[in-house]
Amino acid sequence: MSEPSGGVGKQQLQDFLRAADRGGLTLDDRRLLVQQALLLIEQNYVHLPLKAAMHAVNPVQRLRLLALRLSRQTPATMGPEWRFHAELSEIFHSVRDLHTNYVLPQPYAGKIAYLPYLIEEYHEGGERHYVVTKTVEGYSAPAFGPGVEVTHWNGVPFDRAVDVNAARFAGGNPAARHARGLQSMTIRPLRLHVPPDEAWVVLTYVGDDGISRELRESWRVTDNQPSFVDADRLSVAAVAQGLDLGADEIGRALKTLYVPEAVTLHETLGGAELADLPAEQDGVVPTSMPGFFKARSVTTRSGTFGHIRVFSFNVNDPDAFVREFVRLIGLLPQSGLIVDVRGNGGGHIHASEFLLQTLTPRPIVPEPTQFVTTALNMRICAQHREDPTGQIDLGPWFPSMEQALETGAVYSGSFPITPPGGANALGQQYHGPIVLVTNALCYSATDIFAGGFQDHRIGEILGTDDNTGAGGANVWTHSLLKLLLELPSPVRDSPYRTLPGEAGMRVAIRRSLRTHDLAGTPVEDLGVVPDHRHMMTRRDVMEDNPDLLARAGELLAARPVRRLDVQRTADGLALRTRLVDRADVYLDGRPSVSADLTGETTTLQVPGAASAHVIRVEGFEGGALVAARTILP
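Under my numbering, the sequence shown has 91 at position 85, and the numbering climbs by one with no breaks.
It should be emphasised that the hints constitute simulated quantities derived from the structure, not laboratory data. Quantities reported herein were computed from a predicted structural model and do not represent experimental measurements. All clues stand as given, with none of them false.
The calculated DSS-like cross-link candidates involving lysine-lysine, where the alpha carbons are at most 27 Å apart (straight line), are:
| hint | residue 1 | residue 2 |
| --- | --- | --- |
| 1 | Lys261 | Lys300 |
| 2 | Lys140 | Lys300 |
| 3 | Lys140 | Lys261 |
| 4 | Lys16 | Lys261 |
| 5 | Lys140 | Lys16 |
Work out the full structure: start from the sequences and follow the hints.
Here's what the structure looks like:
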C-alpha cells in the first residue's frame with residue numbers, strides 16, 4: 007500500500023471530530039431545532055405535496071417521532087450529538103431537495119472535509135470510468151497523480167461506491183443523485199453533511215505503468231471561503247435567492263484547493279484597468295469577476311467561437327453581473343457562443359433571468375412562482391404586501407393566498423420574482439448562434455436560466471448528463487423568515503425562534519414554473535432535458551473539454567450567424583446587418599419606421615431619433631423576428 011507525502015490539510019478529520027464530539031447542544035437545544043424544523047417543513051415548505059407523492063416520504067411524521075423520542079430523554083440519557091445531527095440531516099435529505107437543508111452549528115459551519123485529490127468520470131465503450139484529475143499542491147504518492155484510473159473505494163468497485171454514496175445525498179432525479187454522489191466522494195461541506203463515517207479511505211488505482219496499487223489517505227478538514235451573499239440578512243439578493251448551498255460551498259472549496267489564483271475576497275474587482283481588446287485566438291479575456299466568469303476564444307474543427315463559463319449566479323448586484331457578461335461576450339468571436347453553466351449551483355434569480363435578454367431578440371417572460379397555501383405563509387405575505395421595507399414586495403401573492411385559504415387551493419397564484427422590466431431592459435447583445443452546456447450539477451437559478459433558455463428558443467442545449475439538477479424554487483433561510491415577521495415591526499406570537507449554536511435551516515419557499523410551451527410545468531425534480539447529449543471523454547476531463555467543445559462547435563456551425571449593429575446619426579440611424587431583410591424602429595416604445603433592407607449597410611431617416619431616450623431596432627428575416635438591438639441613453 008502506497009503512503010502519501012505532502013498535502014495542505016490543516017487538520018485530520020479524526021482530530022476535528024474529537025473536539026467537535028464534546029457537544030455543545032443541550033437537550034432543550036435539540037428539541038428546539040426539531041420543533042423549528044417541523045414548523046418550516048409543515049408550514050413553509052412549498053414542495054411538500056410533490057415530494058410526498060414523487061418520493062413516498064413523510065418528513066413531518068419523522069420529525070414528530072424524533073420530537074417524541076427527545077421528549078422522553080433526559081440530559082443523562084440523550085445520545086451523542088453527532089447522532090442527533092445525522093438523524094436530523096437525514097430527514098432533510100429524504101425530500102431530495104438541495105434547497106431544503108439543516109445547516110449544522112459550530113464547529114461544523116465554515117468547514118470542508120476533503121481528500122487531497124479530485125476524481126471525475128468519463129465514458130468509453132458504453133461504460134463509466136473514473137480518473138484522478140487534480141491533486142492539491144504539494145501532494146504526492148508513488149505512481150499517483152492526474153490520469154490514474156480509479157477502480158475501487160475501500161474494496162468496493164468504484165461505480166458501485168458512487169451509487170451507494172448517491173443514495174445518501176439529495177437529488178431530485180437519477181442524474182443529479184449520481185453527480186452529487188461522485189462529487190461527495192472526495193469533498194463535503196460539513197455545514198450541510200455529517201462528516202464521513204470513515205477516518206481514512208483506501209483507494210485502488212492503476213497507474214500509467216499498468217500496475218494496480220492501493221493508497222490509504224485520511225480525510226482532512228479545512229476552512230472554506232465565505233459566501234459573497236449574506237442570505238440571513240434582508241436584502242433583494244437574499245429574498246431572490248435560488249441556490250444549492252452545497253454546490254456553492256463546494257465551488258468555493260474547489261477554487262481554494264485547486265485554483266487558488268481564482269479566489270477573490272470581493273464580488274467585483276477593480277475593472278477600470280482592463281483593456282477592452284478582443285480575445286486573441288484561443289486566448290482568455292481578463293475579467294473583473296474571476297469568481298463568476300471565464301471567457302475565452304476556442305478553436306474547433308468547425309471554426310473559432312466564444313466560450314464563457316458562468317460559475318455562479320450568487321451575486322449581490324445582478325446589474326453589475328450582467329454588465330460584465332455583456333462586456334466579455336462583446337470581446338469574444340461573434341461567429342458563435344458557447345455558454346457553459348456546468349456545476350453552477352445558482353444564486354440570484356434576477357441575475358440568471360436578466361442574462362437571458364442579452365442572447366435573444368424575443369421579450370423575456372420570467373418564470374412565475376407560487377407559495378404553498380398555509381396560514382403562516384399568508385401572515386408573511388400580509389406583513390409585506392405593501393413592501394414596507396423596500397426589499398420585498400409580496401403584494402401580488404397576498405390576494406390569492408387569502409382566497410386559497412377559503413377555497414382549499416394548494417398553491418397561491420403564480421407571479422415572477424424577477425421584474426419583467428429588468429429582464430428586458432438591455433435587450434439582445436449577441437447575435438451569433440448560441441449553445442448552452444449543462445450538467446446534472448446545474449441547480450436552482452441555473453435551472454431557471456436553462457429553462458428560460460429553452461422556453462424562449464434561444465438556442466440548443468448540449469448536456470453532459472440526461473438532465474439538470476432540477477431545483478425549481480426560491481429558497482429562504484430560517485433567519486430570514488424570522489426577520490420577515492419582525493420587520494418593519496414585530497408581529498405578535500411569531501412562531502420562529504433563534505436557533506442554538508449558530509445552527510441554520512433553509513427551505514424552498516416559492517416554486518418556479520416553466521413558461522411558453524411548457525407553461526405551468528414545475529421545474530422541481532423534472533429539471534431541463536437537453537436537446538443533445540454528450541458523453542464526457544477522457545480527453546474532456548484531462549485536457550479541458552476538447553471533445554465537448556468540438557461537439558458544441560458542430561452545433562454552432564450549423565446555424566446562421568446574424569448581425570445587427572445600430573448607430574445614431576444626425577437625422578436617423580446607420581445599420582450594418584447580415585441575414586436581416588427588414589428593420590422596425592421603435593422610439594421610447596412607440597413604432598416609428600419600418601424599412602426593407604437590401605444590403606449590409608443601410609441609413610434610415612428616423613425623425614425624433616436624436617432626442618429619444620430608448621431606441622429599439624427589431625430585425626426580421628422572412629417575417630420572423632431574428633435580431634434586435636436596444637440603444638440606451
